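Sequence order for the protein chains is Z and C. Those letters in the first sequence? Residues 115 to 554, by my numbering. Those letters in the second sequence? Residues 115 to 554, by my numbering.
Hints in this document: simulated from the structure, not taken from any laboratory. Keep in mind that this is a model prediction, so the values were computed, not measured.
Cut-off 25 Å, straight-line C-alpha distance, at most; resulting in silico cross-link-like pairs (DSS-like, lysine-lysine):
no. : chain 1 : residue 1 : chain 2 : residue 2
1   : Z       : Lys122    : C       : Lys223
2   : C       : Lys499    : Z       : Lys433
3   : C       : Lys122    : Z       : Lys431
4   : Z       : Lys311    : Z       : Lys337
5   : C       : Lys308    : C       : Lys337
6   : Z       : Lys510    : C       : Lys433
7   : Z       : Lys288    : Z       : Lys337
8   : Z       : Lys223    : C       : Lys125
9   : C       : Lys178    : Z       : Lys122
10  : Z       : Lys223    : Z       : Lys122
11  : C       : Lys122    : Z       : Lys223
12  : Z       : Lys144    : C       : Lys144
13  : C       : Lys223    : Z       : Lys125
14  : Z       : Lys223    : C       : Lys223
15  : C       : Lys500    : C       : Lys510
16  : C       : Lys122    : Z       : Lys433
17  : Z       : Lys510    : Z       : Lys455
18  : Z       : Lys499    : C       : Lys433
Protein chains: 2
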Amino acid sequence: MASIIEPKILKGFRDFLPEAEIERRNLVEKIEASFRSYGFVPIDTPALEYAEILLGKGGGETEKQIYRFTDNGGRDVALRFDLTVPFARFLAEHRSDLTLPFKRYHIAKVWRGENTQRGRYREFTQCDFDTVGSDTAAADFEILLMMRNTLRAIGAGNVSIRLNHRGLFNRFLKALGAAEVSAEVLRIVDKLAKIGKDAVREQLEALGNPGNAWETPLQVAEKILDYIEPKGSFEETLEAITRAAGGPCPESERLALIRRFMVDTGTADSFTLDPSITRGLDYYTGIVYETFLAELPEIGSVCSGGRYDDLAGLYSKEKLSGVGSSIGLDRLIAALESLGKLEGQGSYARVAIACVREEDGGVYQALGARLREAGIPCEVFSEPKKLTQQFMLAEKRGIPWMIIPGESAGPVFTVRNLSTRENREGLSPEELIALFVSPV
Amino acid sequence: MASIIEPKILKGFRDFLPEAEIERRNLVEKIEASFRSYGFVPIDTPALEYAEILLGKGGGETEKQIYRFTDNGGRDVALRFDLTVPFARFLAEHRSDLTLPFKRYHIAKVWRGENTQRGRYREFTQCDFDTVGSDTAAADFEILLMMRNTLRAIGAGNVSIRLNHRGLFNRFLKALGAAEVSAEVLRIVDKLAKIGKDAVREQLEALGNPGNAWETPLQVAEKILDYIEPKGSFEETLEAITRAAGGPCPESERLALIRRFMVDTGTADSFTLDPSITRGLDYYTGIVYETFLAELPEIGSVCSGGRYDDLAGLYSKEKLSGVGSSIGLDRLIAALESLGKLEGQGSYARVAIACVREEDGGVYQALGARLREAGIPCEVFSEPKKLTQQFMLAEKRGIPWMIIPGESAGPVFTVRNLSTRENREGLSPEELIALFVSPV
Numbered sequence: 115m116a117s118i119i120e121p122k123i124l125k126g127f128r129d130f131l132p133e134a135e136i137e138r139r140n141l142v143e144k145i146e147a148s149f150r151s152y153g154f155v156p157i158d159t160p161a162l163e164y165a166e167i168l169l170g171k172g173g174g175e176t177e178k179q180i181y182r183f184t185d186n187g188g189r190d191v192a193l194r195f196d197l198t199v200p201f202a203r204f205l206a207e208h209r210s211d212l213t214l215p216f217k218r219y220h221i222a223k224v225w226r227g228e229n230t231q232r233g234r235y236r237e238f239t240q241c242d243f244d245t246v247g248s249d250t251a252a253a254d255f256e257i258l259l260m261m262r263n264t265l266r267a268i269g270a271g272n273v274s275i276r277l278n279h280r281g282l283f284n285r286f287l288k289a290l291g292a293a294e295v296s297a298e299v300l301r302i303v304d305k306l307a308k309i310g311k312d313a314v315r316e317q318l319e320a321l322g323n324p325g326n327a328w329e330t331p332l333q334v335a336e337k338i339l340d341y342i343e344p345k346g347s348f349e350e351t352l353e354a355i356t357r358a359a360g361g362p363c364p365e366s367e368r369l370a371l372i373r374r375f376m377v378d379t380g381t382a383d384s385f386t387l388d389p390s391i392t393r394g395l396d397y398y399t400g401i402v403y404e405t406f407l408a409e410l411p412e413i414g415s416v417c418s419g420g421r422y423d424d425l426a427g428l429y430s431k432e433k434l435s436g437v438g439s440s441i442g443l444d445r446l447i448a449a450l451e452s453l454g455k456l457e458g459q460g461s462y463a464r465v466a467i468a469c470v471r472e473e474d475g476g477v478y479q480a481l482g483a484r485l486r487e488a489g490i491p492c493e494v495f496s497e498p499k500k501l502t503q504q505f506m507l508a509e510k511r512g513i514p515w516m517i518i519p520g521e522s523a524g525p526v527f528t529v530r531n532l533s534t535r536e537n538r539e540g541l542s543p544e545e546l547i548a549l550f551v552s553p554v
Numbered sequence: 115m116a117s118i119i120e121p122k123i124l125k126g127f128r129d130f131l132p133e134a135e136i137e138r139r140n141l142v143e144k145i146e147a148s149f150r151s152y153g154f155v156p157i158d159t160p161a162l163e164y165a166e167i168l169l170g171k172g173g174g175e176t177e178k179q180i181y182r183f184t185d186n187g188g189r190d191v192a193l194r195f196d197l198t199v200p201f202a203r204f205l206a207e208h209r210s211d212l213t214l215p216f217k218r219y220h221i222a223k224v225w226r227g228e229n230t231q232r233g234r235y236r237e238f239t240q241c242d243f244d245t246v247g248s249d250t251a252a253a254d255f256e257i258l259l260m261m262r263n264t265l266r267a268i269g270a271g272n273v274s275i276r277l278n279h280r281g282l283f284n285r286f287l288k289a290l291g292a293a294e295v296s297a298e299v300l301r302i303v304d305k306l307a308k309i310g311k312d313a314v315r316e317q318l319e320a321l322g323n324p325g326n327a328w329e330t331p332l333q334v335a336e337k338i339l340d341y342i343e344p345k346g347s348f349e350e351t352l353e354a355i356t357r358a359a360g361g362p363c364p365e366s367e368r369l370a371l372i373r374r375f376m377v378d379t380g381t382a383d384s385f386t387l388d389p390s391i392t393r394g395l396d397y398y399t400g401i402v403y404e405t406f407l408a409e410l411p412e413i414g415s416v417c418s419g420g421r422y423d424d425l426a427g428l429y430s431k432e433k434l435s436g437v438g439s440s441i442g443l444d445r446l447i448a449a450l451e452s453l454g455k456l457e458g459q460g461s462y463a464r465v466a467i468a469c470v471r472e473e474d475g476g477v478y479q480a481l482g483a484r485l486r487e488a489g490i491p492c493e494v495f496s497e498p499k500k501l502t503q504q505f506m507l508a509e510k511r512g513i514p515w516m517i518i519p520g521e522s523a524g525p526v527f528t529v530r531n532l533s534t535r536e537n538r539e540g541l542s543p544e545e546l547i548a549l550f551v552s553p554v
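Model the full assembly from the supplied sequences, consistent with the hints where possible.
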């Protein structure tokens, strides 16, 4: 006999057994339904691309984590590590076939050879949605509204979306004479929740005092710390940071209009203006935001993003402004699980048809067809085992009802509620269907 | 300015623009709904696995086509090239967590570095469905029934499913004294449709006469050609091949019972017993089948499979019999397209809300929320352009209706049918919703 190969999968990769996969699909289907209800349309791109495309200017963490290799044709290729870079390439390549504003979503797997500690996976799913080609408060707000409503639609409960405007922050830094180190400042401030205020002050001070000779580095650091401190209401904070940034400007007006839209949609409670939100990544230029679950804030942001004013710049000369967000499906599922908000579902079938006589398999499938036509998913059992064994199998699958055909395969059936173990006898096919169409 | 990277994708890989992706998703959603209605449950497995697992005993075509590389951790890994091998590994690895019979489906992408001529892709989607652990006529028949009904549910029209039994064929070859070359015979016969009867005869004759000294190789070849020729009705063909195989046996009884199920479900017209169907692959041991569209047979089989009696044998000592099938999504879409059975759909939104005043974006989203709550997907436009431009945008997206808010943003709206260009004026939000909930 041939030797057995040990069945195992790569570290950081996962199989999804039916219950887990049904859970994921239920969630993804609700997310998709929400995206579609706003008129967002799906796209798809290859899992594998030229490494040059995915790495762009190259660099840093990405290069270390990416799955990159030479294919049989000698091409330097890699698995996509996010959905943003392929989307930028897609925009540049298909620009003439797209109508702006382009509102797209993309739900797909990405791969990163990350350290697998701390529950990180090397294969995971991202749910991205973006509007490209409309640099308006309405487009900004729609993404914010979709984040709120999509998370509520999947049962994540109340959310707290914390937003900020990178452009306004940069105006403030310029007024402070610290424009040259703005990227470093944003990266340090981004760590506030993780490392705390004192460490942020220390790191800001260590930047020195690049353009402001009349204050000490500590004084500059204190001003930045004051800027990023929320002041109370959205309006109060907006007023304070507008003043610090040198007075009313397009960025403060954008935030004020977004705030008006929040009030007009009755959703203001879900949003906070938080000047400490910066999203470390370089490419954001407008609003940025993170989303926390009211019942489980400690898990971190489950949905974040922002506006970037030149998304496809690496691949095209046309400037395309976009605003978008990404739901981390795996973190969200972990959160919903720990909140007890996911119910295990073992099957889509609502009823099983028992197998009493093997040769009546066709009769059972004919009944199954009638149930399915009436919209009732049903599993037909194929082996004439003892009924108690068939009850057990249905229960294990999580199917709540069982139809037991008569010995004669005549059109008379018993229906069993597998949780109460009650039977109803002598039903015709019509009665059976009526029973399941109207909730039993 | 930084130089531009040319946006391009790898040969054999594809982007899916919204219209194509909506088409694919509509199709996949119908296929999934059909699978689920039979109680089949989804699973998922990693795109990347140990090469040793995927290649198994290794060999031949697969090894040449597979995307295989060494990851950053020095592991020999590869992208899956089908869903059957990962499923076998999955079964062996999770056997103790699964309840038999296990009915699963898996719809996912696979990768093969194939020659891209003849419309082959290097990244394509397979839709596999299998029942494992029930070696019964009922399980065989259920897969056949699902093939028929799933293809009809997605609008592929009538199908012709041609089936055969590999075990019965092998009995016949044994009776003929040609058991030793059965694998070669099956592979030659599999090419019948492609190379024609004369070439098959020639190749069979070239096999020589391994175990039958009383006939010439040509006589043996003629007997095989006679065996694989359908004789008329299902029953007549079954009778002829049963006789040729040495009389009634479990395999002929299995076919007879499957035939009974076809009659009992009123689906017999969709099935033909065709002894020339062998499916070249070695692992099938029971029934095998291919599916042709009645309106486009020349495109070849869009769904095929069979029963194998030791699916997970490479990874486990436990023998698991399974029966399953696989829909080739890309070939199917090509077929439906050339039959004109796919309608271009540019958006899921049924209505667009025009933007009249930028500062009323919140009011428009509030109306959008009411429509979405009533189950009406709607896109809110974000830029206060000329109405004619907004009509054009909605038309380009394929959205049939447009709501035009009044200048005052008061609760009075106009609805425009974008195809007839008729307006209805002076509607309240309630009237609007009523209009769209009941088909307009």
